[in-house]
Structures are given as structure tokens and as C-alpha cells.
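Visitor: Place chain G on chain F using the hints.
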Amino acid sequence: MAAAKKYVVSIYSPLGGQGASFIASQLVHQLAKTNTSCLVDLNLDYSASIHYLSLNPADAFRKSALSGGEETLLSSFAIRVENNYFAVGAPLLGYGQFAEETHEAAKELVDQCRAEFDFTIIDLPRPLHVELTKSMLKMSDLILVLGESSDYSAQACIKLKEIVSDKSFAIDPKKLLFLFNKSMTQDKSSWTIFIWQVLALLVVLVAVYFLRPQWFSNPVFFIVGLIILMRLAWPRARDLSKTASSKLAKSQISFFHFLPHDSKSCRMAINQGHFLDDNTKTGRSLKELAEKLKTKLAAVQK
Amino acid sequence: MGTVFAIFSPTGGVGVSTIAAHLAYFLSETRETGILDMIPDFGSITDILSFCPKPSSNKFPLIFEASTPILSELTHPKRGHLKVFVMPPSLMAQQIDWKAFIASARKSFAYTILDLPHTYLAPELTVGLTYADQIFCVGEYHWATIQSLKAFFDGCDINLSEKCKVIINRSEWLPQEVIDECRLNLGREVYAEIPYDPPLEAARKIRENSAFGKAMKRMAAGLIPEDTP
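For the record, the sequence lines run as chains F and G.
According to this note's numbering, the first sequence is numbered sequentially starting from 1.
According to this note's numbering, the second sequence is numbered sequentially starting from 1001.
Bound conformation, chain F alone:
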């Protein structure tokens, strides 16, 4: 199905390390199955999403900035990742080597992308007071905001909505779509530790049974044991607390999509630079997200 209009979608994460670059690189793979799509990584100091794909972004951004607004065939210098998948990013630069490319150049680049590709996905840097981030948020048809299953992340989502709703920012908060990423939050290794902790507790119980059997008749012993067990399990309760959920509801934030826990396949994909298969949990979920996004974009156009 060809897209009727060409769209620009930004991926923004208020906090670091939540997987925005990874999701951006994988989402474009799903979109590119049916339409020409381009990933623009505007983290100009470190285009992680491009590096996740084991690509060398070369000088794509600089070349675009140098084109000076002339008609350029963007796909000739964007990296062709797959058949319909293109990527533009900045080369890995060190501190001091980084000459701030103007947001004007970025705007021009995204305009070119919009003209050339059905979908342009922008991976944005975090600081909101940087003109580059602000102008890209304004240019986007939709903004995918990434959250994680922690109260702190929920607070950040609420704060972001407040900031962009401010008159000085002038971004329609309706453009924000909240994406809830649980793919890496529940670490399997933590569960292994938990199982070991429970086993250790059982060993203690057996030892007490043989050495101090009279303790078992004391209800305090059971209460203390239960508290210890709950304490051990506590760090793994990763779902949003009721307080955070109610705060989100109060701020009228509903999540557009959930990415399930799937740390094994995600780690593999990150470390080996490949795309998630559709038979993995996150792969399937990203496919679903791509379809939802297309529908939403079509609705926005109407």
C-alpha cells in the first residue's frame, strides 16, 4: 500500500538509555517493508541508531548541509540499509571536533527526506532548549515519546507534555504518542538471582528446622520470613505503580503502544546489528506499531 502523503515522525525519549535509538532503527525496518523509509539520526555527536546497524554513517549529514538548498538526490548519499530502508546520520565525532551544524541544515535535510521518502523517522537528541530539537519537534507530523516501566519515567512523560503544551513551545500535545518500552526492563539475569535468593532462603529454613525446631511454633518467625521474601521479590516489580498510573491518567496520557519484555532478542539485535525477526515478541510488536502508526498518520492527514 503506497502512502498517500509523505510523513515525518520523531522519536523522542525524555530520559537516556530507554532504547529510543534502537527502536527507531527497528521501526524503520518494519515501515520499509511496504514503503520507502529513511532513518535520520540527529544525535550529531553520536548517531547510535546508525551504529546499531553496524553502518558507517560517513558524512551524509555534512554533505546534505553543504548542498545549500539545491535539488539533491538524497538517496544517492544516504546509506541504503535494505531495499526500501535508507539512513542518514552523523559520523562519530569527538568532543571539540563537533562543529554545531545549524538547525537550518537539519530542517533542509528533513524537507528533502519528506520529498523523497514515504516515511522519515527522526531520532532526536534530548535537550529541549536546543534549537535543533525544538524545530524538529515542530516539523514532525507525530512524535513518538518513549517511556519505561518506572515511576520516574512516567513523571518525565508528564513533564514533557506540560513543557510542549506551554505557549512558548507551541507544539500541539495531540501530536505526542506515548510508547511504553518494557523490552529491556525486566532482566532475565535478575530472575536468576531471585531464584538463587529464594533457594538460599529455603536452605536457611531447612537449617532452622533441624537446629532450632522450636522457632517454627513462633508466628513472628513466619512473619519475618514473609517480609524477607517480599523484600527479595520487590526489585523485580517493574510494572508502573498505582500512583504513577493515576498520575498519567490525570494528565490524560494514554499509551499508544506497549513493547513487551524481550531482553534476549533485543540484546542479540543490539550487539550483532541485525533486525528483529517477526517471530520474536518485540519484532511482532514493532510490526504492529508500524501498522498503528500508518493508520494514525492517515487519520491525522484527514
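Derived from the structure by calculation, the hints contain no laboratory data.
Hints may be right or wrong, so weigh each one.
[What the hints assert, rightly or not] In silico DSS-like pairs for lysine-lysine, Cα to Cα no more than 25 Å straight-line:
| id | chain 1 | residue 1 | chain 2 | residue 2 |
| --- | --- | --- | --- | --- |
| 1 | G | LYS1205 | F | LYS159 |
| 2 | G | LYS1205 | F | LYS182 |
| 3 | F | LYS247 | G | LYS1205 |
Guide: Below, chain G alone, put in the same frame as chain F:
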């Protein structure tokens, strides 16, 4: 005159704010310590320290000048020696003269910790790196993080490079060969390694008795001169 330590990482999500908060917390055991959260809008220092400074965001213009008495008002309730400054909303933050602010903090506190943003686009990063006495660059044993740390050092001039020390936060279990390869690729001495401590991920709080907390306590002790009472 006090010492200014900057905590920085070129990649996000490696534990910069957690390390900054713990360091400030342990340094404040002995001397007046200030922590400046320089990450606009989404800084997490107050969250980790379970403390919201009294001058709320609508009163922030009051502390743009950062005079000693005003900085002293931002006392942590449980730690008399710890003062916490949070960056005001990003649009207002542009009005802050960070150079003067850091100079004022240096005069007011024995130790000042700067929690820096990770992108080179943020102007306050350059100020923080320039005026800090020591910079702790936080990384993980992950190829992308090591690559970005290396690139950061490649771009530093000699003065900046000499101030930098690498801290590795071992937030996940890794096979020894991966660790060895990362160490080799980094090509720089690791100043401190923080052990793997998964429960800390779930609760962004100061945990004095966790493996992470103990490692930070040791590190803070190493930063305090021996002749300090």
C-alpha cells in the same frame, strides 16, 4: 576554594546521575558539598536523593545569581552538608551564567559535583567540562559506549584529557572476554569499576549498603584529601 568534579558520559542511560548523586551524598559526610543538576527538564538528582529543593521552579529566577546564602538554602533535609541545585526549566536555563554559577559554588562548597548532559549540543556541557577540576567519564563495557568514549577522548585537547578519568559502571553481567576486549579497545586506564548490582536499577535511590553504594563510598573516600579531619 573547593574542588569541582564533573560527571559526564557521551551516551545516555549509563548511570551518570546515580553516580553523581551517590558521590555528592558520600562527600557530604565530611564537608560542605553542592550538587548541580545541569540536565535540563529531565534531571533526576532530586529523585535519587528523595529531595525537592525549597525554591520551587516558579522561584528559580531568584537563584540565577547563585550567591552563597541562596545556595545554602538548598539544604538536603537529612544531610546538613549537602546542597542540591536543580536546573530550572530549559527555556529559563538559557539565562543562567553557568561560569559564574560554578565559580560561586566553588567558593561556597568544599566539593561541587556537576551532573552534565550527555550531548555536545547542550552549551552547559562545554562550560561544565571547562571549569571542572576533574571529570569522571562514565561508560559501560559495551562496544557502542566504548566507541563513543574513545571518540570523546580523541577530540579532547591535552588539558581536558588530563582531567578525565574513566569510571565503568558494570550494570550487566558480561563474559570475561567481552570485558577484556572492551578494556583493550578503550586504550585508557579505568579509574574505578562499579560492580554489577541489579536491584539498584529498579530503585533510583541512595543505597548505602548496596554493592553500588559501597563502591561509591570507597570512591568518595579516595577523593577526600588525607589531611581532612
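Visitor: Now tell me if each hint is right for this structure.
Guide: Okay, the hints, checked on the actual structure:
Our distance criterion of 25 Å between C-alpha atoms is met by LYS1205 (chain G) and LYS159 (chain F), whose separation comes to about 20 Å. Restraint check for LYS1205 (chain G) and LYS182 (chain F): satisfied, since their Cα atoms lie roughly 21 Å apart, inside the 25 Å limit. In summary, the hint linking LYS247 (chain F) to LYS1205 (chain G) is supported, as the alpha carbons are separated by about 21 Å, within the 25 Å threshold.
When held up to the earlier numbered hints, the structure conflicts with none and fits them all.
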